[in-house]
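As you go down the protein sequences, you meet chains A and B in turn.
Using my numbering, you'd call the opening residue of the first sequence number 4 and step up by one each time.
Using my numbering, you'd call the opening residue of the second sequence number 4 and step up by one each time.
Calculated directly from the structure, the hints in this document are not laboratory data.
A hint or two may mislead.
For identical chains, the list gives no copy identity; a pair is met inside one copy or between any two copies.
With a cut-off of at most 35 Å between alpha-carbon atoms, the simulated DSBU-like pairs for lysine-lysine come out as follows [stated by the list, open to error]: (1) Lys168 <-> Lys42; (2) Lys168 <-> Lys19; (3) Lys20 <-> Lys168; (4) Lys38 <-> Lys127; (5) Lys105 <-> Lys57; (6) Lys19 <-> Lys85; (7) Lys79 <-> Lys119.
Every value quoted in this text rests on a predicted model; they were computed, and no experiment measured them.
Listed below are the residues making up each chain.
Number of protein chains: 2
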Amino acid sequence: METFSLTINKLIEELKKIPTIGRKSAQRICFYLLKKDPKVALDLAAAIVEAREKTILCSICYNLTGQDPCEICASKQRDTTKICVVEEPFNIISIERTGLYKGLYHVLHGNLSPIKGVGPEELKISGLQKRLGGYSVSEIILATSPTTEGNATAHYLTEILKKYKIRITRIALGLPIGADIDYVDSVTIARAMEGRTEIL
Amino acid sequence: METFSLTINKLIEELKKIPTIGRKSAQRICFYLLKKDPKVALDLAAAIVEAREKTILCSICYNLTGQDPCEICASKQRDTTKICVVEEPFNIISIERTGLYKGLYHVLHGNLSPIKGVGPEELKISGLQKRLGGYSVSEIILATSPTTEGNATAHYLTEILKKYKIRITRIALGLPIGADIDYVDSVTIARAMEGRTEIL
Numbered sequence: 004m005e006t007f008s009l010t011i012n013k014l015i016e017e018l019k020k021i022p023t024i025g026r027k028s029a030q031r032i033c034f035y036l037l038k039k040d041p042k043v044a045l046d047l048a049a050a051i052v053e054a055r056e057k058t059i060l061c062s063i064c065y066n067l068t069g070q071d072p073c074e075i076c077a078s079k080q081r082d083t084t085k086i087c088v089v090e091e092p093f094n095i096i097s098i099e100r101t102g103l104y105k106g107l108y109h110v111l112h113g114n115l116s117p118i119k120g121v122g123p124e125e126l127k128i129s130g131l132q133k134r135l136g137g138y139s140v141s142e143i144i145l146a147t148s149p150t151t152e153g154n155a156t157a158h159y160l161t162e163i164l165k166k167y168k169i170r171i172t173r174i175a176l177g178l179p180i181g182a183d184i185d186y187v188d189s190v191t192i193a194r195a196m197e198g199r200t201e202i203l
Numbered sequence: 004m005e006t007f008s009l010t011i012n013k014l015i016e017e018l019k020k021i022p023t024i025g026r027k028s029a030q031r032i033c034f035y036l037l038k039k040d041p042k043v044a045l046d047l048a049a050a051i052v053e054a055r056e057k058t059i060l061c062s063i064c065y066n067l068t069g070q071d072p073c074e075i076c077a078s079k080q081r082d083t084t085k086i087c088v089v090e091e092p093f094n095i096i097s098i099e100r101t102g103l104y105k106g107l108y109h110v111l112h113g114n115l116s117p118i119k120g121v122g123p124e125e126l127k128i129s130g131l132q133k134r135l136g137g138y139s140v141s142e143i144i145l146a147t148s149p150t151t152e153g154n155a156t157a158h159y160l161t162e163i164l165k166k167y168k169i170r171i172t173r174i175a176l177g178l179p180i181g182a183d184i185d186y187v188d189s190v191t192i193a194r195a196m197e198g199r200t201e202i203l
C-alpha cells in the first residue's frame, strides 16, 4: 500500500533526480513545499519554468545568461586581454566573488573524461580557439579543478593552445588558507612545496 | 555587476528558501536544471504545482494526502485499536518502511516549543482527543523524537490523555542497531540501561 498519494510520490521522485538530493532530502523538501504557504512552492515552480525559458548560452564564452553576449562579455569594464577557462558556469560565481579578476571567462561545460566518454568535441574548445584568432588575448588562465580530469583538460588545452604564442597559466595549487598542515594530504603539500614563492 | 541574469538569480533565491539548501547547493541545483534536457526542469515544476493543488490534510489523522480520509485511515487492513502519534508526515514513511506497525497514525505537525511560540493550540491535539472519544482505541504510541521538545510533547500528551484510561506507550529509547558503544553519547547509554529488558 502506498503511504502517500501519487502526486506526492511523483514530486518526491522528481526531486530525487537532482544530484546530491537523496530519498530523505527529497521527502523533507516535498513536505516543506506542501506545508508552507502555497506561494513558496508556486514561486519556485514559476522560477524554474522562467529560468528554463529565458536562459541561453552566451555565444562567446558559453556562460549561462539571459542576454547574448552575456553581461561579462558585453561589459566595457572587463580586461579583454585575459580569458579564464573554467569547467562550469557556477565556477564563475566563485571567482567573481574574490573581486580580484577583471578579465573574461570561457566555460568548457565539463572536463575531458575518457571514462565518461567526454572527448574534446564535447567541450566548448573550438569556441575558445575562435576567440584567440579574433582579438588581442595575451593570457589564458586555466582554472579547471586540480583533479585528474581537470589536470588532463588543462594539459590538453596547453598543447592545443601552444601555437597561439600567448601566455598560458594555471591557477596555483597549494595549501588552502586556514588549513592545518597536519591535516592536509601529502599530494597537496608536495604541490605547495613545488610552487613555493620567494618572500625575501 | 551581476554575474548571471535576473531569472537565474531568482531561481537560486527561491531554491535557497528551502531548509538544508544553502547558497552552493542552490547554485548547483539551478545549473543542473538549466543544463539538462528542459523536460527535467519542467517536469519538476509541474510536479510541484500538481502536488500543491491536489494535496490536502486527512481530516482524521492530518497526514498529507490526495484523498480524504487518507489511504491509511480508509484502509480496512489496519488495526484501528492503535494510534501512533508522530510529529510530521514524513515520520510515517519511516515507520511504514519497517513493515511491523499496522495501526493508525496521528500527525501533530510539530512539537511543543515555547521558544518557537508553538503551544498545544498550534498542534493537532484536539483532533486526537476527538478520535479517542469516538471508537475503540486501546493504545496510543507516542513516537515523537527523543529531543527536549519531543519529550515535552510526549509528556504533555500523557497528561491530557490520562483521563481516557487507555494504554499510552513511548517508542523505546536506546542504542541504535550497529552502534559502537564507545561512540554513543552517555545520555543514550543511560536511557538504554534504564530501559533494559529481560532476556533470561
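Against the structure, the hints:
no.: 1; hint: Lys168 <-> Lys42; verdict: neither (56 Å within a copy, 43 Å between copies)
no.: 2; hint: Lys168 <-> Lys19; verdict: neither (47 Å within a copy, 44 Å between copies)
no.: 3; hint: Lys20 <-> Lys168; verdict: neither (44 Å within a copy, 48 Å between copies)
no.: 4; hint: Lys38 <-> Lys127; verdict: between (43 Å within a copy, 14 Å between copies)
no.: 5; hint: Lys105 <-> Lys57; verdict: within (26 Å within a copy, 49 Å between copies)
no.: 6; hint: Lys19 <-> Lys85; verdict: between (40 Å within a copy, 33 Å between copies)
no.: 7; hint: Lys79 <-> Lys119; verdict: neither (39 Å within a copy, 50 Å between copies)
When the structure is compared with the earlier hints, violations turn up for hints 1, 2, 3 and 7 and for no others.
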